[in-house]
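Model the placement of chain B on the given structure of chain A, informed by the hints.
These protein sequence lines are chains A and B, in that order.
When the letters of the first sequence are read in order and numbered with the numbering used here, they come out as residues 1 to 886.
When the letters of the second sequence are read in order and numbered with the numbering used here, they come out as residues 1 to 201.
None of these hints come from the bench; they were simulated from the model.
We treat Cβ as the ideally placed atom computed from N, Cα and C, and that holds for glycine.
Heads up, a few of these hints could be off.
[As the list claims (entries may be wrong)] Calculated pairs, DSS-like style, for lysine-lysine (alpha carbon to alpha carbon, straight line, at most 30 Å): (1) K52/A / K50/B; (2) K176/B / K454/A; (3) K454/A / K181/B.
[Stated by the list, open to error] Using C-beta positions, here's what the derived DEER-type ranges look like: (4) L182/A / L11/B: 54 to 64 Å; (5) E321/A / I75/B: 45 to 55 Å; (6) D127/B / P313/A: 28 to 38 Å; (7) S243/A / L11/B: 47 to 57 Å; (8) E138/B / S152/A: 50 to 60 Å; (9) A174/B / S152/A: 52 to 62 Å; (10) L11/B / E321/A: 31 to 41 Å.
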Amino acid sequence: MGPPPIVTGLSPNEGPPGTRIKIRGEHLGKSPQDLIGLTICGVDCLLAAEWKSENKIIAISGPIKGKGDVIVTTKSGGLGSCNVTFKGYHIATIGPMKESAVWVDETDLYSWGRHSLSPSSYQQEDPLGLSVEDSEKKVPEEDLLNYFPNKSGDITSSNFSPRWFLLENHQTTSFNDLQAGLVHLRRKVQGQKEGQLSFLKANISAVMDQIDTLVNLRESYETDLPKFGHEPTLKLEKAIKESEHKARKLFDEVLSRKDRAEKTRNALNVLSRFRFLFCLPCVIDRNVKKGDYDIVINDYIRVKNLFYKTDVPIFKMALNEVEKRIIDLQKKLHEDLQTMPITVEQQKRLIRYLVNLEAPFECAWDAIKARSDYINKKFKLIHNYHKSLDKPDPKAKNGSASKYSKYNKTSNVDITIVPSSVNFTEEICLSITETFPDLWKIGQAYFSGELQVKVEPGRQVEFKYIVMNVIEVFCKCIRASLIPTTLDKTDRNQIGTLTLPERDEIAVYLPELLQSVRSTYASFIKLDLPNEALDIISLLLLDLRIHCMSIMFQQTTEQVKQLTENWRVNYNGKYTGVTELPIQFLNLIENMIDVVKESVLCIEQREVSLLDNQTAYKEMEKQLNNILTAFYNVLNNLSSSEDYDECQNGVPVVSQLIGTPVSSHKTGSKSDIPIWEHRLLISLSNCLFTKETVLKMIANKFQESGFPPLHGSLNHAKANLEHLEKSILDKYLEQKSDPLVGTIEPSMYLGRFDWHLTVPPSDIRPYIKECINNLICVHSEIIHISPSLLNAVLPQVVETVAEEIYRLMSCVQKFSREGAVQARADISALQDILESYSTEKARKYFQEALDVIPPLDRTDSIIVEDILRQCKARMKIQILCLRKKN
Amino acid sequence: MSKRPAVQPALHKVIMVGSGGVGKSALTLQFMYDEFVEDYEPTKADSYRKKILLDGEEVQIDILDTAGQEDYAAIRDNYFRSGEGFLCIFSITEDESFQATQEFREQILRVKNDDNIPFLLVGNKSDLDEKRKVTFQEAQDRANKWGVPYVETSAKTRENVDKVFYDLMREIRARKKDENKTSNGRGKDKNKKKKLKCVIL
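Just chain A, with the same shape it has in the complex:
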């Protein structure tokens, strides 16, 4: 069975019944006998069909209405199909006064023939005698045909249907009119039944005319009879035959010439086809060179249709030649298809070419494979490239970096040299973002049938494997370069890690890298990848985020460790009495939080909040503890580096004992670093400030930035700081009170004084004054650093002083009368002046000291009061110093 016939052209594509139609197409039968069926719009037209060639039939349309196909059936090809439609229509009867947009052939209506004899019978009057209104809303003829199949509204027709007639002509006529019409019709019928006589009567003039005509006819026949004989038609017949013969002779010549012309044309057509075949190899070569593959394919299909089944050897040879070219072309296209880089569109086009050329390759699948191979190769290439950059100087660079980074600050890291693992990650992200979508697209095109290729079973699974593999390798590469610890050992060996850069080095790049992995991820999400594939990357992202956060915290810890104290106290600004240190600490943490928030915490497409993850939260808590502990250590170190200070000063503390002013210490030190006691005070103040203010601010900052509550670490830090505070205070007190208290006894017995000597008292003794002056000194020192510390420190000192006085008094073996007066005056003065800073305990000690002194009589008491009054007047300024301001 050959190919089925197909109709591709109609000339014309519409017309009334009887239209001569040229039907064109392919495989319309090999001979007139091969054509066994032809329907136009469902109406059989085979009888009137004239087979011209395999591509052309001429037919006459039958009684068609509406649009329909033209179907050709051949013995060799069976039932055919049709691309185009024919539209049949009936020409409406158009009167001479009616407008029309087209020219209507009226020869049928007013032509020769029987109808012309009685035009009235054709253009009938209405049988009901009613005026035929030219109503606009006529029932459409199609509907009428549907209502009354095989009927007609034509009154002369054998299958006349009165209902049709009424619907067609009297749709709007009233019932009364119709009744009147019926009466009219009856009368007319009655009239016809009345008999021939009345008919003759009615047509008397016509009958007379007819009789006259018959008489004339007879007369002229009789006159002609002698002229022409009894058989006049014989002569006529002879003449007709002769003319027919002559006409035939005339036309035969024309017809034969036409036939010959047609034959020549056919021959020429055949020749041009052969020429097409023999030229084709050259044409193909030329077009391939030009890249016009479309034309090559069209030509190839044409030549295959025309010559595929040929048995002629020379055609076969030519065809072989063509096939050879085509196979070469297929190979070339197939190679092009697998040569990367290439766009998806190009690949799709090449695949279409190959499919149209019926190439034996599984081209779409090959394209997919080529793409995935290309991606993998590119991964390797990038990896090797960076590996080669990485290798030569890992020792030199790393060695120096680690050596210095320990002591020098992070700024030492050479920013201009970007670590190769960073470059590698950047580049691999870029590469996969560029290449992967194409792989996915071509895969989708393959499976959705867009490539017009048959999908082999099992490809689905294989393609999925390829996609997953690519993504997996991508993730592993990144892991290997940034967080190798999250990889199995086998994977690590397989992929090969790059030298991991120093933490400080990588910290600068991590947020950026995170961003590029994220953007890759976003572009993957856009591709609508299956969740399985996306999850691989989302896991990587999570790990990367945790790692990034951890690195940030670690870096901050390191920076906190590097913090140094400049000992410059702030007196103005927001935070007074403290140095830069806590502020710097705060800034470090705040900066870190900002960076972490921007880079790690923010949630992008398909990501979960990082700190909901348990591991992440724990890691962060741990790192935060590290930071806080680091700062605690810094403060602790600063407050305990005593020896450092002593060797700087070189002045022994004992020198204080003969009332040397404390400030004299300062002259000895050349550097800006304040003396040990000051530093203790500063540290104490910083400690307090950190505990009270900085920790709160940090907590606030964390909360603002969306971190979960971190009470554990902060409270722990607070406790630590409190502990530190206490130890510093102790140290300071020890430092201050010891020399102060130590000076009291030697000064008391200075100049061989003793309480049993009878030296009349005139003033309080110098040791009291010295003690007060020393206390004022401490006071000023504290005020100088931070007035808020005054209440915490000074009363403690006063207490020790009181205790010492009590101890000294209780050790006195014997008081002379003058000695008792003196002692009471001394201690009362001290008690009065130090009142504002005395604790309960100090007051008790003073009282007890006074109780040890033997009681005085009235005159002595007056002397004591006198002395006190005088001394208070003299020491007005000192007293003012130690008075608490309310």
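Coordinates of chain B only, in the frame set by chain A:
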């Protein structure tokens, strides 16, 4: 996956216009059937349709070959409405036919109400150069004025016959793509995406 969606090739509707006797039918028949018809027989309205490869993509071309003699503009309006691209043909041996193209162009623009409708000005009978009445420059100038390409063809020698049809179809295709993108591209895309997802999972 076994049932591949049967993709019906895109259909591009081309209409041949021009005065009578310039060779509209000859061009059409040469393109469709590789034959050159010598005898002249005025066309009323002919339809042709076949599948071809356009840049590797299978498409259907539908050609409506119209009557050049037609004096009734109303009927042409109906034809033109269905057209997606037009080949406006004149004979380079007949100046009158060249002048008539102006009228055709105006009518098409009026009916389609679109200045950028795919349209090619075609000078036919280029094999009869010795009888040339319309110069190449003259025609090219008119085409430039309209912003359309001008091509000279010969239905007899098949010169540029494929080119004019293919060029026109490329324009039609490009235009359809544009329209798809601007109008209902979004919604369609979504559907397609959904389908694709099912395919893989």
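What's the verdict on K176/B and K454/A, does the C-alpha distance respect the 30 Å limit or exceed it? Satisfied, since the Cα-Cα distance of roughly 28 Å is no more than 30 Å.
Run the distance test for K454/A versus K181/B: straight-line Cα separation, threshold 30 Å. This hinted pair holds, its Cα atoms lying about 29 Å apart.
Take the C-beta atom of S243/A and the C-beta atom of L11/B, compute their distance, and say whether it sits inside 47 to 57 Å. holds (55 Å)
Outcome of range test on Cβ distance (E321/A, I75/B; 45 to 55 Å): holds (51 Å)
Note whether the CB distance of L11/B and E321/A lies within 31 to 41 Å or breaks it. At roughly 36 Å between Cβ atoms, E321/A and L11/B fall inside 31 to 41 Å, so the hint holds.
At the C-beta level, are E138/B and S152/A separated by a distance inside 50 to 60 Å? holds (59 Å)
How does the Cβ-Cβ distance of D127/B and P313/A compare with 28 to 38 Å: does it lie in that range? holds (36 Å)
Range hint 54 to 64 Å (beta carbons of L182/A and L11/B) holds or violated: Given a distance of about 57 Å, which is inside 54 to 64 Å, the answer is holds.
Between K52/A and K50/B, does the CA-CA distance stay at or below 30 Å? Holds, at about 21 Å.
Between the beta carbons of A174/B and S152/A, is the distance compatible with 52 to 62 Å? holds (53 Å)
Violated hints: none; the structure is consistent with every hint.
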